[in-house]
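Colleague: Take a look at the letters that make up each chain.
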Amino acid sequence: DTKTIGVSIPAADHGWTAGVVYHANRVAQLLMKEHPGLKVIVKTSPDPATQANALQDLEIQGIDALVILPTDPDPLVNAIKEVKGKGKFVSIVDRAPSSNDTSVRDLYVAGNNPALGQVAGEYIRKNSPEAQVVVIRGLPIPIDQQRQDGFDKAIAGSKVKVLDRQFGNWNRDDAFKVMQDFLTKYPKIDVVWCQDDDMAVGVLQAIEQAKRTDIKYVIGGAGSKDMIKKVMDGDKMIPVDVLYPPSMVGTAMELTAAAIYDQIPVHGTYTLDATLVTKDNAKNYYFPDSPF
Amino acid sequence: MSINSGSEGATIRRRSWRDVDLRAVAPFAALALLIVIGALVNPNFISITNLANVATRSAFIAIIAVGATFVISSGDLDLSVGSMVAFVASLMILFMNSGVIADPGLMLAAAMVLTVVIGSLCGLANGLITTVGRIEPFIATLGTMGIYRGLTTWLSQGGAITLRSSELQGLYRPAYFGSVFGLPVPILVILIVTAIAAFILYRTRYGRHVTAVGSSRDVARYSGIAVNRVRTIAFIIQGLCVAIAVLLYVPRLGSTSATTGILWELQAITAVVVGGTALKGGAGRVWGTICGAFILELVGNIMLLSNFISEYLIGAIQGSIIIIAMLVQRSLTRKA
Amino acid sequence: MSINSGSEGATIRRRSWRDVDLRAVAPFAALALLIVIGALVNPNFISITNLANVATRSAFIAIIAVGATFVISSGDLDLSVGSMVAFVASLMILFMNSGVIADPGLMLAAAMVLTVVIGSLCGLANGLITTVGRIEPFIATLGTMGIYRGLTTWLSQGGAITLRSSELQGLYRPAYFGSVFGLPVPILVILIVTAIAAFILYRTRYGRHVTAVGSSRDVARYSGIAVNRVRTIAFIIQGLCVAIAVLLYVPRLGSTSATTGILWELQAITAVVVGGTALKGGAGRVWGTICGAFILELVGNIMLLSNFISEYLIGAIQGSIIIIAMLVQRSLTRKA
Amino acid sequence: MTTTGEGAQTPVLSAERVSKSFGEVQVLFSVDFDVMPGEVHALVGENGAGKSTLVKILSGFESPSSGRLLLDGEPVSLPANGDAEALGIILIHQEFNLAEHLTVAESLFLGREVTRFGILDRRFMRAETRRILDMLGSHVDENALISTLAVADKQMVEIAKAISRDARVIFMDEPTAVLSREETDILFDQVRKLRAAGTSFVFVTHKLNEVMELSDRVTVLRDGQWIKTAPTRLLDSDSIAQLMVGRELSSLYPAKHEPDVDEDVVLSVRALSTAYVKDVSFELRKGEVLGFSGLIGSGRTEIMEAITGLRPRLAGEVVVYGEPLAAEGFREAVRRGLAYMTKDRKGRGLLLDEGMTANLTLQSLERHVRYGYLDPASEREAMARAKRRFDIRVRDDRVRVGRMSGGNQQKLMLAKVMETGPKIIIIDEPTRGIDVGTKQQIYHFIAALARDGCSVIVVSSEMPEVIGLCTRVAVMREGHLVGMLEGDDINEQTIMRYAAGLKRQAAG
Ligand SMILES: Nc1ncnc2c1ncn2[C@@H]1O[C@H](COP(=O)(O)OP(=O)(O)OP(=O)(O)O)[C@@H](O)[C@H]1O
Ligand SMILES: Nc1ncnc2c1ncn2[C@@H]1O[C@H](COP(=O)(O)OP(=O)(O)OP(=O)(O)O)[C@@H](O)[C@H]1O
Ligand SMILES: [Mg+2]
Ligand SMILES: [Mg+2]
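Here the protein sequences come in this chain order: A, B, C and D. The first sequence runs contiguously to residue 698 in the working numbering. The second sequence runs contiguously to residue 393 in the working numbering. The third sequence runs contiguously to residue 393 in the working numbering. The fourth sequence runs contiguously to residue 514 in the working numbering.
Honestly, the hints are just simulated from the structure, not real lab data. Any given hint might turn out to be false.
Said to hold, decoys possible - With a Cα cut of at most 27 Å, we get these calculated BS3-like pairs of lysine-lysine:
no. : chain 1 : residue 1 : chain 2 : residue 2
1   : A       : K642      : A       : K591
2   : A       : K532      : A       : K622
3   : D       : K160      : B       : K337
4   : C       : K337      : B       : K337
5   : C       : K337      : D       : K160
6   : B       : K337      : D       : K352
7   : D       : K352      : D       : K160
8   : D       : K352      : C       : K337
9   : A       : K635      : A       : K689
10  : D       : K199      : D       : K213
11  : A       : K532      : A       : K689
12  : A       : K617      : A       : K591
13  : A       : K409      : A       : K445
14  : D       : K262      : D       : K292
15  : A       : K487      : A       : K445
Looking at chain A on its own, in the form it has when it is part of the complex (with noise of 0.2 Å):
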């Protein structure tokens, strides 16, 4: 029988979000091949409101089963709620809204915003405890205040000590800067934590330029294969990295196919753990075709 999944994420507006769209775009490809009837429509958008918008339009379309990474979940609750009153299967990924029960969602797959702060602040504790910090924050958003809170109480009671927080908008260039000025600023610094592997890029470069020595290394996040590759190579700058993959939507999507298929209970929450990535462990984690 005919089935439609809708599925809502994120326009590629960074590289993380790219790793989203491809991945979702990858499993949508299996999942058709997979189930004949399957019909799924992968839809992005690059803010809540336009979001909000494209739930209407899937709907429009006559899913039977939604899945949606939110731009920014609070937001989108009423949306979501609305797809989720007319009976239809309904999957969140990643970013979970203040009331996130099964009144909105019957699936949560989650990525753990909170673990990839605090997964970050204790590798510093441990292997530098008193170490200098500063931190690049990506956009003004929830996720990002998580993984903030999860930094901080992992360093919380240690001899670790954030000496500055900007924001970097998760963008290359943005990162460079504030970096530029973090090392004209503070005439010793440690370690950085910039949260993310693309704003990592231009923290590396600004580090270069400025010729610095004293930095010991930068811990981004999410597994980019560029970064994932320099952990492999044994790059002193990035020793480790902090995984939050992008391919958790796929997740999500073969999970719901499965609930509305086989009929599986799948409902509840499914939290990946924010892997830290090592030298050992690292060719686990590096997919070359990603664009991500």
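Given chain A, put chains B, C and D with the ligands in place with the hints provided.
Modeller: Showing chains B, C and D with the ligands alone in chain A's frame:
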């Protein structure tokens, strides 16, 4: 030494009417064309639900663009409207979350009044900086854009601001999702706002002054028009329209963040221009603006409903369609 | 009847010269003020390294803004430059990754030529759509902005496009990070580009025509100036400047993504206006533009170096400073 | 075709059965016109007769709807966009055609800049500009921005621009409308010189004495029809005027109406100073017509604008009906019964992109408000009234004001100012670009206003106008009020002596 013969006068009138009509009709023709394309792309497109959806969600941009029509007609420009939406909406939700008024109905009413006041004040600030400060509106409102956006970020401490009371939320929800005699509330609001705006622009002294100021500041001044006041009021009207858009926005998503309303200013300005108002200032076309806002929203909708466009290319196609819409408009106008 | 007495004429001449000078000086005064503030905020600010950093990284916006000075002087506007950077840079890197030329030096040279050609073509496209298509430049370039950005997203499949050959990267790196006689290459490029632009704008027939066209299309047309050609060439110059900015941008990070250059158009326009060029068209001030670009970059730099501003409020302060800079400029000009 | 009896020369440029319509409105009906080598051909007619249109067709700025143009006897189609200049055909526009952001020298050479090795030869162009301006006796600074120039100076620049080219035919559309007598004389000398060298001129004007003085032949248009072409020496001013309006004209100026000496003082200006004008005092009585004369740039406009609040005052006070008028702005002045009509109709007077009605009622919209909204019927009525009262003639009621003939724009502007129902009316250059017939109407109109108890200040550079209309004449020079003339003192010679600084009264 002529006095026009009657018949000559009549011919003339007919000609110029045709002329005026076609120019005003052009955006509507582009809209019609788009609807036809949409119907071809996906049969679901032409359903009442879908068209109502599109009209409803164009409400924010449409209402903001009505305000922008005033600002642009008077020869200015306001780039801050997008961040003003975020700022005003944040304050509205924060006020409702503050719980200073126990009764939900009263609270909602107070919050709505507050929103309108704040919107007007933001507009006033833009107007004063531009006129009294004598700064190019482009730069002045780029500055306030940064300010409103920054304040929103600060208010939300980088996160989201969400309406907490579910009672209030339930009470307020119909303002976006409800309908009156089958007509969704937002569409009703668009119509009312536009009708009032058209009345002000075409049928009042102030509206005439706006056009005069936009066509020539000097002529306006030598005609005894308080140019700066007219310009400032246009900015206040813009602020009011933003506030009205916020009144519809908050019940829809129930929450705001620092990214709310990003790039809406460009969309609003595009709607105004696609609707036939010239950016130079002068004649404003309010109904055209609404039509422009629908066109923008339709383009996105058609793109989403069509399944053969790579999602990576959506931006490119959207851009092309705007250009094509303008070309259609031009060619229609030229034929007139 | 009248013959002005000679002395009267002389007074007027002196007065207007003084006037012109002060207006041109205003942005530099604002810049000086900022540097003083910066020095007070953080002693590191005034270090050569920091100032060189700031000047160097302002190169992209500065060079693009020089092109924008032409477009704006001729009475147009180009909103597509930011996405044009992304598009041109992507094509450049893809070409270098393609490996069609084995010799790295040759490959680099070919890529640079290609970049310049593509940049000019993009500018040409903008120019033709605006002039031949007779679409308001704001809308026309908003359309091409969507197109260039969309194509970039599509080329990169939403991700990043990274220069693969490390040999090429090593060869190319000095174009951004190198220096000549102690002067970082990007600063050198800014100076050369600006000097050439100033020469063209002030000392050639074409430059004169740009001013005339921006001042009044009709007058220019009646004077036998090919208005559309002048405007189109201004867009091509803008495209060229974008290409030059790309030539500096690619060696910096060796990669581009769909977010490269977002909002650079607004920054470039702001730089132009802060530099003293009026958005209405007419008089262009190339050196002022450069100064404007430095001011924008300095504001961000000072904010980061200062310790007392919440990271949430940076946008708000940045906005305020732009407004204040313009007010300083105005008050200086008014005193003249 | 007309033959002139001047020999069987071929005309340089001629029009055969040229008609022109804008849309469905025909403004020229099968007009014949020719220009002989080395002649000055005057083109006269009432406002809106089609003079500017004909001249634009002959210089390639408009193309005829039917009929053809001949250059040296050969049919041509003149290229649009001013490229006809390459053929030696040059038009000085009735409305200025200068870019505000350029300097005088830059404007003069716009479109044909002189370069050396691709670089602008600015020194040469400046020197050349200076030379031409000196030749015209103009002291305009060649480095001044056009935007800073007074109207008359802009006209001089236009003329200099035309003269500096190798022209075969120069069309001048009312070049003297904004010039003083002296400047006009210098211009005419240049014209005669160039004529002697073989250049032809077509000269559009409303000043019939100039026609008599300068031209060799006259062509009269009326309502877009060709009426007559004849050698000037066979005509006189009266007969030309009669041909233009199609009826006999009575005397141009109405009888003066002297107000009683004990009439109320309605406006009194005391020691008023602005940035340029110093210490000006005078009084205006009820029912009086007070003239302001002086050289160009003597500060007449500035003082009027300061009185009405359009320009900041530095010192002094203005008293209207015994109450001081605060300097806070023009609106207050209008509310108190003052009206000011600017001389710059294009830049400050009229919205060129709007229709007539919108312009007419712009200053007096409150009169058309019914229940809070504008009543279009009432506006239409006002428009019909104004058209009758000021004899505004257009062939298409919905024409954009920018496309109306210059004279009709002037009348519309006067109508607009009068719509506020003022009691004290300041008119800056009341008849700029207006034909004799209408001039007479406006003079009678001003006189009637005074008789009805209004007070009028007429600022004018046309001496006969001031002399013919006013019971008192103030003369300004370099920002000072140097004389207040009454009775027999009001004559050309005395005014001139004050204006040129040869004589001066103690400030009164
Ligand atoms: N582009 C146009 N579109 C429509 N009507 C026009 C246009 N140009 C001129 N007209 C009309 O043609 C008529 C003749 O105008 P023209 O300017 O030739 O008069 P004129 O003889 O120069 O008058 P004046 O002495 O007042 O300058 C006027 O009624 C004017 O409104
Ligand atoms: N020496 C001078 N210094 C400064 N400004 C001057 C000087 N001479 C003339 N001006 C300018 O000339 C203007 C006075 O011209 P205004 O238009 O008031 O004179 P007018 O008598 O009305 O002449 P017009 O016949 O041109 O209307 C002032 O605004 C002033 O700026
Ligand atoms: Mg004329
Ligand atoms: Mg004057």
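Colleague: It remains to establish, for every hint, whether it holds in the given structure.
Modeller: Hints, verified against the model:
Simply put, A/K642 and A/K591 have alpha-carbon atoms about 24 Å apart, close enough for the 27 Å limit, and the pair holds. At roughly 14 Å between alpha-carbon atoms, A/K532 and A/K622 fall within 27 Å of each other, so this suggested pair holds. For a cut-off of 27 Å, the pair hint linking D/K160 to B/K337 stands: about 25 Å separates their Cα positions. Pair hint C/K337 plus B/K337 holds up; C-alpha atoms about 9 Å apart against a cutoff of 27 Å.
Between the alpha carbons of C/K337 and D/K160 the distance comes to roughly 22 Å, so the proposed pair stays at or under 27 Å and holds. For the hint pairing B/K337 with D/K352, the CA-to-CA distance comes to about 18 Å; that is within 27 Å, so the pair holds. For the hint linking D/K352 to D/K160, the alpha-carbon distance of about 13 Å falls within 27 Å, and the restraint holds. Using a Cα cut-off of 27 Å, the hinted pair D/K352 and C/K337 holds, with the two alpha carbons roughly 19 Å apart.
The hinted pair formed by A/K635 and A/K689 meets the criterion: a straight-line CA distance of about 8 Å does not exceed 27 Å. Straight-line distance between C-alpha atoms of D/K199 and D/K213 comes to about 21 Å, which keeps the hinted pair within the 27 Å bound. For the proposed pair A/K532 and A/K689, the alpha carbon gap of about 24 Å is at most 27 Å, so the pair holds. A C-alpha spacing of about 15 Å is found between A/K617 and A/K591, which places the hinted pair at or below 27 Å, so the restraint holds.
Only pairs whose Cα atoms come within 27 Å are accepted, and A/K409 paired with A/K445 is accepted, the gap being roughly 6 Å. A threshold of 27 Å between alpha carbons decides the hint, and for D/K262 with D/K292 the separation of about 14 Å falls inside it, so the pair holds. Of the supplied pair hints, the one linking A/K487 and A/K445 holds, its CA atoms being roughly 22 Å apart against a limit of 27 Å.
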